[in-house]
Structure formats: C-alpha cells, structure tokens
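Enquirer: Let chain W serve as the given structure and place chain H on it in line with the hints.
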Amino acid sequence: MLKEISITVNGQQHTLEVEPRLLLVHMIRELLNLTGTHIGCDTSSCGACTILLDGKSIKSCTVLAVQANGKSITTIEGVAQDGQLSPLQEGFKENHGLHCGFCTPGMILRATELLANNPNPTEEEIRWGIAGNLCRCTGYNNIVKAIQYAGAKIRGEELPSTEPEFV
Amino acid sequence: MGHSLKRKEDARFIQGKGRYVDDVKLPGMLYMDIVRSPYAYAKIKNINIDEAMKVPGVVAVVTGRDLEKYNLHWMPTLMSDTQMVLPTDTVMYQAQEVAAVIATSKYAARDGREAVRVEYEPMKPVIDPFKSLDPDAPVLRTDKEGKKDNHIWNWKVGDKEKTDDVFSKAEVVVKEQMHIPRIHVASIETCGCVADYDKVNNHLTMYMTTQAPHAIRTVIALVAGHVGLTEEKIRVISPDIGGGFGGKVPVYPGYVIAIAVSFLVGKPVKWIEDRSENLQADSFARDYHITAEMAGTKDGKILGTRFKILADHGYTDASANPSKFPTGMFSIATGSYDYDATYMECDAVYTNKPPGGVAYRCSFRVTEAVHAIERITDRFALEIGKDPAELRLQNFIKKEDFPWKSPTGWIYDSGDYHKGLLKAMDAVDYHQLRAEQAEKRKRGELMGIGLSTFTEVVGAGPSKDFDILGIKMFDSAEIRVHPTGKAIARFGTKSQGQGHETTYAQIIAEELGIPAENIAIEEGDTDTAPYGLGTYASRSTPTAGAAAAVAARKLRDKARKIAAYLLEVSEDDLEWEPGKFFVKGAPEKSKTIQEIVFASYTNHPPGMEAGFEATHYYDPPNLTFPSGAYICVVDIDKETGAIHVRRFVAIDDCGNIINPMIVQGQVHGGLTQGIAPAMYEELIYDEAGNILNGTFMDYLVPTAVESPKWETGHTVTPSPHHPIGAKGVGESPTVGAPPAIANAIVDALSPYGITHLDIPITPFKVWKALKEKGAI
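Residue numbers (my numbering), protein chains in the order written: chain W, 731 to 897; chain H, 143 to 918.
Next comes chain W alone, as it looks inside the complex (with noise of 0.2 Å):
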C-alpha cells in the first residue's frame, strides 16, 4: 500500500507514492537520486545521514519518509547558493577537515544547525555538538578548526589562519 507524500528537497517541491515503512534516507538516495546523503550504520549512530528537516538536524536513517509529508529538507547538494560555497564547505576545505569524504556532507549539515542557534560556539561546544556524527580518519581536530572558521566568516570577523600548526 503506497502512500502520497508532499515534501520540498532543497527548495524543490516533490509529490511522491512511498511504502508507508521507506526511511527517509533511503527515499532521498534511491527514489531522488541525491547520493551525497550517506549511511554508515544502522542504529542512529554515525550520524552519515545527516540532514535539515525545517531547519533542524536529524538522522534520515530514523525517520519514515511519511513522517517528512508536507515538510522541507535540506540535504549536502543544496548547501551551496548560486555556485557559491556555504562557510561550512570552505571552512572544511581550506582547514582539511575531511579525509575520505563520507562523513563529510553529515558533519557539514549537523555543524550548520549548530552555527546557526549559536554562531559563537567554544571549543567544547562544538565538540560535544558533534558528537553524533563519527568520522573515522580526520581525529576532529580540523573538524573543530572548520566550524570555528565558517562561525568567524559567519560572524562577519577576520579569518583564522588555515596553515597546519605543525613545526
């Protein structure tokens, strides 16, 4: 039995007919083809299926697709405006805050809610911020150097330096 869903994806509106037991994430990689949404476990763990549901951060892996009717999601492919790079992109590029890429496009999206309810964020804060979503290669350290420079940018303040402290 399917069921109709309305639901806007990266500023696009979509009418879909889904099994009422489809996971979110499996409805935005298979039936939308946006493969930047990846999955890495399947216990609401890793945090690889990261989106923005209404402007909020959740794991796609635990919610149904019907449970997103009539909302809008925000997935990695629609980050970037116009071509133009979100702070977070920049700010993971330029500081080497990825290795293999997978956890990436989670941890860009997790970190967006966090720039955006608090553009300030300590050390600490963002450490415990991200602590649903794993990442495997980097040891966080660039992860916490991108997000406190895409928060500087945000913020409108000079940029922190991106060279390697490593003399």
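Check each hint, because a few of them may be wrong.
[Said to hold, decoys possible] Examples of chain W residues lying across from chain H (beta carbon under 7 Å, computed): (1) Thr834; (2) Pro894; (3) Phe896.
[Claimed, not checked] Far from chain H by the CB rule (all over 12 Å, computed), these chain W residues: (4) Gly800; (5) Ser802; (6) Gly886.
Just so you know, these hints were derived from the structure itself, not from any lab. Beta carbons are placed, not taken as given, at the ideal position from N, Cα and C, and that holds for glycine.
Expert: Quick look at chain H alone, frame taken from chain W:
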C-alpha cells in the same frame, strides 16, 4: 614539496558529489541481502527457502549447495588458507554467511532474508584461544584432510640460545602478559559491491570497496577462471572509498556471491552490508596474546627481549600480510633501542570466531610489536626506578649508527630518535610535569605521564622478500602529458581518504615543473591504471610516490633532449630549473616544459619517439622506517577510575614531507585510531561465541568528545634510498599512540603496585585495579 596545497579532491566531497559504491545504480540492478548464522558453531540441517521465494520481488535464494555446483563455495584467503563462500554443512562463527537472497529492491531482499528458515544443530564452540590446543578441544577444520588439532602455524625469529643466555645472566628481568584486543576498523562506509556481468560480451565489471583493485582482479580470475571469467574479461573499479584502514583489503564472501549471482542471472547485483554485518563478520584486527620480557642492567641498559605470542585467527587465517610474513612485521618489536639479543615466537590457532587478522590502520602487525616493546620498556624503567625518558635516551640507536641492522634482520634506513624525544619533552615541559606529578602523588592524586618512542616499518616492499600470492609488492605510476602541457597520471594504488590526488600531483609538479592543478590523478580502475598492489600499510608514498618521481624524471630526461634540439645546443649545455631548461650562461635562451611537451607532439627530434609519456614500476630497495616520540599526560579520578587525557604531544618523523597539511591530518586521524583501542574499542565475545557489542551503539568509536585535542609536530630525517627522501606516515600514530596512553595510565597507578593493564583501559578496569590493590 613542503607546501600545504589544499586538496584537489575536496570539491566533490563537500558538495555531495563523491561517488561511492552504494551510489552506483545500473539499469535492471538486483539487490542482495545475506542470511547469517546466529550460532558460532553448528551443523546446518536444512535451509527452507519456500516462504522467502513467495516474498514479492524476491528472484532467487542462493545457498552453498548452489555454489557447489560451480565449485565456487570455497575460496582461498590471502594467506593461502581456505574460506567458505557459503557453507554446505557447517557454520564456523556467528554472523557467517549462510544464504543470499536476491530481489528487485533493497527492502524485498531484506524481507526475503527474514523469511528464509534455517535449521541448525548447535555444537560446542572453541572460543578461548588458550583452550583451542587442549587435547579434548574439537578439531574445527575438518575440511582439511588429516588435520588433527587447531594449530595453524608456528613462527619464530631471533637467536634463542643467545637470548636465553642473556636473560639467565641479567641483573634485572621483567615480564608482562598482554592482550592486544580484537578490534574492527569500522570505516564509516561499510563494504559492498555492484557486480555487473554482461553475458553478451562475457565481461564482468566489478564496482567494489577495495584498497587493492588490481590484486582483486587477479584473485577473481584465479577463483573464477574455470567458469570462463579470465583476467582480461574482468574490470575492477574502486570508486571513492569511505575509509579503508585495512578492512577493505580482503575478499569477503559477499563479493564472491554477488559475482556468482550476476554471472548466473546476467544482471547487475548490488550488495552493501549494514554496520552490524560489517562489525560482526568482516575481518577483525589484532587479537594477539603476548608474553613480553625484557632483560637489562640495574642502571638501565637494555640487553635483550623475548616475545611469545598466541594469535587467535578465528575460523581461518584470513590475515592480510605479505605471503612470507605470517606475523606481518612483528619482528620490528626490538624497537628503537640498541641491543642484540632477541627471540620471538608465535603460534596461530583456529577458534569459532570470524576470520581475519587484517590491519587497523597498522602496517602489518606493527602495532602489536610496538605495544609490546614500549610497554615492557616502561615496565623495566619502573622496576629499576629510572625515569622512562632517561632510560629511552640511554638506549636509543644513535643517529650516526644508521643504516642499522636490527637483531631480527631489518635494515633501519635512517632516524634521529634523540632529537624527536627531546623535542617532545620540550613541548610538554617534561621535567615540570614530573615535578607536578611528585607534588600530586604526595596528595594522593593520580597523574600519569606516558611515553612511546617507536620505530615503524612501512613501504612494502622490496621484491626479494615481499609478495602477495606470488605477486611482487612493487607499485606503479604512468604519466601522460597532453600537447598543451597538462597531464594525467595513473597509479596502482587507491586512496581511501589519504589525498593522493593532491600529493601525487605535487610530486610530479616538483619533478616536472607542471603546476599541480594541471595534473589530474586517477586511481582505482584496472582497465586504465598500471598494475599495482594497492594502498595499505602506509605504502603509497614509499612505492607509488617513488614511482611518480622516477617516471617524471624519465620525462625530464626526454625533455632535456627535446630542449637541446629546439635550442640547437648540446644536452650538457642545458640547466634545469623547475618548469624550464635554459642554456648555461644564457638564461634568456630557454624552453618551458609546456613548449617542450608541445614539441614532442608537433616537432620532435628525428629518430625520437613522439609523445610525452612515461611509466615506472618501482621496486623499493628497502622499506622505510618512520619514527615518532609521543608523550601523553593523564589525570585519573581515583574514586571513579575516569581517565582524562590532559595533553597528547606527537612528534613524527616521516622523512621529507610533500604536504604538511595532509601529513598532519594523517597524524590526527591515526592518533584517534590510537586512543580508540587504548581506551574504548574491543570486540567482545561470550563463551558461546556470541558477539556482545556488534553495533555502533556498543562498539565505541571515539567521537569528537573522547578524542583529545592533538598537539603535533615533526622532525625530518630523510630516507636515504627513497627518490624524494619520504617515508610513510598514515599509520605511525595508530601504532605509537596506544602504548603512550597505556604507559601514562599505568604510570599514574604505579604508586599502588599496578604494573600493567590490558587495553582498552576503561574506568572500570582502573577502578577495579585500584580496589584490588587497596588504594580505594
């Protein structure tokens, strides 16, 4: 070189345009899910697929009996053992593949999986490796003719007689029993594939999470050649890889089943394992039980070491080591210290646990070796009451003694261990820390300082010693420069996040003077890239990076000839500066590399081959021996055992550095994968062989909260034999960090008579040890 160029690969990853295996979607593609065993050891009495076949969308259920008809139910492991693809009679570990369900959608495949009914007759498993050799232990590998016990092999190295003699006469002997836990790489992307067999053209394209696509192609041809899939009909594509760390080196049964099904039905078949399957069935790392001993003098001179290992390989030896090295490079365990008596021995055994023995960001069992030597060195320092830093400085191999031959036969290429440790001590203000610790001890507070001064061994390897299934462990680079002076270079390695698209371009840019942004790097397609053994064990820069430099130098030699022809001078009259040749004494007479390349297509010298391409297969003359000096400072809450890592300073030496930003990034990541087994991660099994933490809810991968703010730095001791003086680095921190952390914790607890704790050292372990010693 030495420039922190921002990564070329990042643009696609930050915009959701990476292409990983699960992103591959082909017309008519089927989906596979796998039925797995709930038992660690059981006979299969019956597999009933009737209900599963009634599930809408299910097209087939494949069992071992089906594969048996094509002789595809068994496969070789990389260590020349054998492994079931699907069982016909018996399951040997929990989560072993039992049957595969093929369906038109992911959900239908999962529904089908739930509907397969398997009847088992459970048997008493062998879980404890120490009991696996008991005379009454059931013999697990009854498939092996004449096998009468669970012993796999015995390995030994060193001079037993001499070492025993040193121990018998030594003033001081210390001994500890250590377990290096069974852990899992847990890359955030799990393993998977899309097998796409084209019946018309008799051709297989295999999209797959593999760190070694070429070797995999050869293995597929060896396994499936008898059904017509010969090597020229197989194309392995390793697209973007979401982390590897060694877990994506082996061939898992899922891959083989997907190929077999695609071959039989003529449609693409996708198999993507979920996290539980990944943790519970894919190759584990480590699981070495080590008895470590050190002999020395009362004033701190190390005289000898002995290491006795029991290696639990699970149901089959599915390690990923060079073929002649069943214990990998464990024999690096003599460490960074100057002494000449050692003896090491290992017995490997079968148990009813998943197979493996792969890396976990570790160069072939070096983590085990470094943990053993660095822990026992601290134990020795504790025994004689000497500062562990002082003891290390006293025993280090001296800078001028390189190249240095280790007692187990390695030729350490270069190192400056004193410099690294002194730099690390300076960075933490070591003596001030010791003073603070003394004050705190008076007040009964627990503070510890731990050191690790390790020697790594990476870059396998020289063809005289190193091969995998007979294929020598060279690696390759092919550079093609187009008429307009822009290039593409292809490699036999495969990045899983290491940044090859940037660093390889930087190496070629350095050698040829073509800007790095004009050099495209491609890996992971066996139809286009030259043959190579892949990326693991920190080997890419030592092997393929070297190949890039040598291939570029071949092109520079050609460029010199063309420049001489164009400028009408002799080659000897030309001088090179990055990007151009000019006439000695007349620098205005010059030809840029772009002009030279254009001429190679448009106006090449008579008798010279046209075009501007070079390939090199680099066979390294030796391994490279990176090193590091790490210092960890911990504060421990006595009442709860909670451990706070206050500081962690890592000074690494990986020779000349191509991109400091990327090297530092590798060090950060490796350190977090060092603290992981030191304090958090272990795959735990109960007596029945049930895994107790087979999901991310209970297998504790560190988050940004557990991972400390790493402080990093470096020294540079170039490798004398590598074309650009570089060494590998990706795994050094994973190797070096765990003993620094363990040493710091034991140092904090040592006033209460605690001399060793096995990793992962949890608050409960600390609390329990303090309680047992009456400290709380």
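Enquirer: Among all the numbered hints in the text so far, which are the ones the structure does not match?
Expert: Of the numbered hints, all hold.
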